[in-house]
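A.B. asks: The lines below spell out each chain.
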Amino acid sequence: MAERVFHKSILRNEDPQILAGKAQYLDDIELPGLLYAAFKRSDYAHARLKSIDVSEARALPGVIGVYTAEDFGDLVKPGPLQVPPPTAIKGATYSSRTLMPIAKDKVRYSGEPVAVVIAESRYIAEDACDYIYPDYEPLEAVIDLEKALQPGATLVHEDLPSNEAAHVVQERGNYAEAAKKADVIIKKKIYVDRVAAAALENRGIVINWDEKAQMMTIWCGTQSPITLRNATASRMGLFENQVRVITPFTGGGFGPKINTSMPDDVLLTELAVRLNRPIKWYEDRRENFLATTSERDQVHYAEIALTKEGKFLGFKDVFYHNSGAYDPYMMTVPLNTQTHTVSNYNIPNFYTEITMVFSNEMVVTPVRGAGRPQGVFVMERMIDAAARELKMDVAEIRRINLIQPDAYPVSTGIIGQDFVEGVLDSGDYPTALAKAMSMIDYKKFREEIQPKARAEGKHLGIGICTFTEGTGVGPYEGAKITVGGNGKVSVATGVATQGQAHYTTFAQIAAEQLGVEVKDVKVVTGDTGAFAWGAGTFASRGATVAGTAIHLAAVKVKDKALKLASKILETPESELELVGGYIQVADIPGKKISLGELASMANPMRGTFPPGAEPGLEAVAYYGPPYGATGAGCMAMILDVDAETMKPKIERLVMVHDCGIPINPMVVEGQVHGGIQMGIGNAFFEKVFYDETGQLLTASFMDYLFPQATDMPPKIEMGHTEIPSPLNPLGIKGVGEAGAIPTPAVFTQALEDALYDTGVEIMESNLSPSKVYSYVMKAKGA
Amino acid sequence: MKLEGEHVFNGPREDVWEMFYDPAILASAVPGMDKLDVVAENVYEGVMNVRIGPVSGKFQGKLTLTDVVEPENLTLTVDGKGAPGYGKGVGKVAFIQNSDGTTTLKYDGDMNIGGALASVGQRMIDSVAKSMIRSAFETLDKALEARLAAKKTGTEVNFTPPTQTEFATGVAKDMVGGFTKVPELRLILYILPVVAVLVILALTLSK
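Chain order of the listed sequences is A and B.
The working numbering puts the first sequence at residues 1 to 782.
The working numbering puts the second sequence at residues 1001 to 1207.
Be careful, since some hints might not be right.
Unchecked claim - The calculated lysine-lysine pairs, modelled on DSS-like cross-linking and capped at a C-alpha distance of 27 Å, are:
1. K1088/B x K147/A
2. K563/A x K522/A
3. K308/A x K187/A
4. K106/A x K1088/B
5. K1062/B x K106/A
6. K780/A x K649/A
7. K458/A x K50/A
8. K567/A x K592/A
9. K50/A x K1058/B
10. K391/A x K435/A
11. K188/A x K311/A
12. K1088/B x K104/A
13. K771/A x K1142/B
14. K1002/B x K147/A
15. K567/A x K556/A
16. K1002/B x K1130/B
17. K1088/B x K50/A
18. K1151/B x K104/A
19. K50/A x K1062/B
20. K1035/B x K1092/B
21. K1142/B x K1035/B
22. K1058/B x K106/A
23. K592/A x K560/A
24. K1035/B x K778/A
25. K1002/B x K771/A
Said to hold, decoys possible - Rough simulated footprint, nothing fancy, chain B against chain A, three-plus residues with beta-carbon under 8 Å:
26. 283 to 292
27. 684 to 697
Stated by the list, open to error - Okay, the calculated beta carbon distance ranges per label pair:
28. D1037/B x A59/A: 23 to 31 Å
29. T1066/B x E137/A: 34 to 42 Å
30. T1066/B x A153/A: 46 to 54 Å
31. E644/A x T1104/B: 36 to 44 Å
What the hints contain is simulated information worked out from the structure, not anything from laboratory work.
Built from N, CA and C at the ideal position, the CB exists for glycine as well.
So that you can see chain A by itself, here it is in the shape it has in the complex (with noise of 0.2 Å):
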């Protein structure tokens, strides 16, 4: 028998290449006669364009040219929508209006390019942006999403009627008849503000057009090639094989690297062609706050209503969601912060209400969490706020309320991103919550060591909550697997890679089926002219979607082996196994051929084939789940503030979580630890923020604050829990947001049980020590 290679934690095969700064990242894409472009933006969130005047920058020595709406015509028009609408949802109503690619009579956001110039290089692209004059009528920002939807209120887009993007409700049970019923009813309004995926590579594009072969290749950082092919192809009049996406090494996507379709990818595949030469664009950082999307701005209106022994009987929340200036990936993200509200509560009655509102902000499309946090956080807030009420403690009302182990499948009754009912297919979250309190002494805490601390003079609180995190949604991803005369295995898939360790993970699911060292599996992802079909790299969907067709696709690989080998070495398949690059004989030492040379067999160059038959040691599988699989866990921490300084230190950080059969346990706790790392920044650092006039003031790292090492936990404590999902064959669910979901409110909670001596409570995440003291203050009635 091989050694199994999936379900262990190996080094990554993409490593050594990294580290020894050998990987290809887009700057380093040099091409002959490349031309680099800069964007002009505007100053203003909310103006009239009245007039551009380009002509100083025109003139410029070594400026190619200068371009404005007029310039592109037709293509100044909304783009496709990234996401359809939710139909499926009765009662839905909604508003699309997609990205524009250039501002053209209005700009609706600070950021949104008004021009574009293309030089011969970018000093000399972005030094003609400050002669590039545009002459804005400023118009009153739509800021604030309840005054927004007032009678009377500026419209970002005046063909409207109002500013509401887009309005959904769904419930389950009757919440008003529980209400009637209930000893306790909570209400709250609850605000979580906003923050940037930041990743550590900005966002950015090569593009060349091969006049010759009529053929355009992008290389992109993108999140989902085959959309940005597509899109590119069919608004170019080009077959899909004509536009080829390559994704090289990328570091970090979180998110907004799934939109296509963007002013630059639209404009400037436009002037490749025209200018028959290579252009690249390389965002930097304050384009990246400006004009790169971003999530979470969303306040809830929300009630609980409990019995007195803290059951909880129904739950209504009522909440805006800030859009943006456009909505081009419609509703993913409100309708994932209704399906994570209550998920892993025992809650019959369930009414939640989105209004999605345009504003005159960056646009909205999922950053790591996508919408789940806000969820999470909305209900973790009112059961601690109910816990206070009914003097229990947070993680016995957690506990009494929680979905049980033998209730799966769970129907939920709620329809979420995907268009269908989410379903939990599988869990045991009372074992996760047991884990989480016992691997962090809550017990002891509570009994011993707050007790202590507090008559120390110490501020020491605990937070524990629970969460789910939907992932591995469809619609589908496919993958091929050749064998190569080489002995070794090929992996091509259209999912991208921006540092999930794909090439590690995936070759591992590959290795398994086929017997071959992983570091001898060559994972190609993100290139279309490698893998030409799939949707991308989102929604934690990556290794379970992805993943469960290359495992599809290399049983099949295994099975078209062992045919033929059977044939060559005359023995039945049973009798075969495939080690060390081999199929052998079980029991006949030497009695054995070579992957490699079974490939080479397997595509005769002379002689006859037989009919039905398909050269080669390669297959192609595809896999689509009816829903997605649900990765769920429980996190506590322990923090000590300084009630002076409200400076936090969290002391202790437990996570316990479960994404099924983790195909690589280490690459696991690197993905829920990126995850905390930006939980926590949510929490307490870091804030998008949008002045009243609609100026973004923390557009760089100086005032868009990250955590740092120094701010995270000394160590995470990850407790696994593997509860394999129905779903797919190797039991797998995604991981990729569960550090992200519910840091903040176990932070948020920690934090209020840490002043516990203020009575302090705190319905907003997105903190600062500012933030916190005035908190404080206002609890002690200053």
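Chain A is fixed; fit chain B onto it per the hints.
C.D. replies: Coordinates of chain B only, in the frame set by chain A:
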């Protein structure tokens, strides 16, 4: 951004008012100011160049005075824009004659800024702007002193305005220790003169 405060000039109200009448004096109080032209009654235009760091380019400011009650008060609207962004503000300025012969200038204004000024320089703008107003008043104090002395003796006004470097150094001293040692923060010093131009213009200029 809210701006309010007051400053006491060591001279009679009429002289203070008259000093503001001279665009050259005001231009000299503002670092980087190329010129300040009267384009119509109660309408001025100023141009300055900022060429340091990533924030560079021409910055043009237009100033309009309304509700002018000489020598008591006026309302200023300032509107400036350029490559580094834009600023728009409205300020009320009152000149109060004190019994000891001095003049108190009270200002109360509101300023919106946008573009790189807002998105890169926001963190420091509030405090640095206030500091720069103070520096500008110091310059104007000296200018007033020189004008009063010249008036007394009937000679030429002898006044040399501070250089841009001196001005920036003065502001730096107002900031926390070590401020100028951090290169990223030093950048702010160069962004802020642009803001200061608008602020000071808005607060002190009259016909």
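A.B. asks: Work down the list of hints and note, for each, if the structure agrees.
C.D. replies: Hint check:
Distance hint between K1088/B and K147/A is fulfilled; the C-alpha atoms sit about 24 Å from each other, no more than 27 Å. Proposed proximity of K563/A and K522/A is supported: the alpha carbons are some 24 Å apart, at most 27 Å. Of the pairs offered as hints, the one joining K308/A and K187/A holds, with about 16 Å between alpha carbons and a cut-off of 27 Å not exceeded. Restraint check for K106/A and K1088/B: the C-alpha separation of about 20 Å stays at or below 27 Å, so the hint holds.
About 24 Å separates the Cα atoms of K1062/B and K106/A, which keeps this hinted pair within 27 Å; it holds. At roughly 23 Å between alpha-carbon atoms, K780/A and K649/A fall within 27 Å of each other, so this suggested pair holds. For the suggested pair K458/A and K50/A, the alpha carbons sit about 60 Å apart, so the restraint of at most 27 Å is broken. Of the supplied pair hints, the one linking K567/A and K592/A holds, its CA atoms being roughly 12 Å apart against a limit of 27 Å.
Between K50/A and K1058/B the CA atoms are separated by roughly 21 Å; this keeps the pair inside 27 Å, and the hint holds. For the suggested pair K391/A and K435/A, the alpha carbons sit about 24 Å apart, so the restraint of at most 27 Å is met. Under the criterion of a C-alpha separation no larger than 27 Å, the hint pairing K188/A with K311/A is consistent with the structure, at around 18 Å. Taking the CA atoms of K1088/B and K104/A, the gap is about 24 Å. The hint holds against a cut of 27 Å.
A distance of roughly 42 Å separates the Cα atoms of K771/A and K1142/B; the hinted pair therefore is violated under the 27 Å criterion. The suggested pairing of K1002/B with K147/A holds, with an alpha-carbon distance near 23 Å, which does not exceed 27 Å. Only pairs whose Cα atoms come within 27 Å are accepted, and K567/A paired with K556/A is accepted, the gap being roughly 17 Å. With a C-alpha separation of about 10 Å, the suggested pairing of K1002/B with K1130/B holds against the 27 Å cut-off.
The hinted pair formed by K1088/B and K50/A meets the criterion: a straight-line CA distance of about 19 Å does not exceed 27 Å. Our distance criterion of 27 Å between C-alpha atoms is broken by K1151/B and K104/A, whose separation comes to about 58 Å. For the proposed pair K50/A and K1062/B, the alpha carbon gap of about 19 Å is at most 27 Å, so the pair holds. About 24 Å separates the Cα atoms of K1035/B and K1092/B, which keeps this hinted pair within 27 Å; it holds.
Note on K1142/B and K1035/B: the hinted pairing holds, with a Cα-Cα distance of about 20 Å set against a maximum of 27 Å. For the given pair, K1058/B sits about 24 Å from K106/A by alpha-carbon distance, which is consistent with the 27 Å threshold. Restraint check for K592/A and K560/A: satisfied, since their Cα atoms lie roughly 16 Å apart, inside the 27 Å limit. Among the hinted pairs, K1035/B with K778/A is inconsistent with the structure: their alpha-carbon atoms are about 50 Å apart, more than 27 Å.
Taking the CA atoms of K1002/B and K771/A, the gap is about 20 Å. The hint holds against a cut of 27 Å. Only when three residues or more bring their CB closer than 8 Å to a CB of chain B does the claim for the segment 283 to 292 of chain A stand; here the count is 3, and the claim holds. For a cut-off of 8 Å, the count of residues in the segment 684 to 697 of chain A with a CB near a CB of chain B stands at 5, and the three-residue condition holds. Evaluation of the 23 to 31 Å hint for D1037/B and A59/A yields a pass: the beta carbon distance comes to about 26 Å.
Look at T1066/B against E137/A: about 21 Å separates their beta carbons, and that is not inside 34 to 42 Å. Separated by about 29 Å at the C-beta atoms, T1066/B and A153/A break the suggested range of 46 to 54 Å. For E644/A paired with T1104/B, a C-beta distance near 39 Å keeps the hint of 36 to 44 Å intact.
The structure does not agree with the numbered hints 7, 13, 18, 24, 29, 30 stated previously, though it agrees with the rest.
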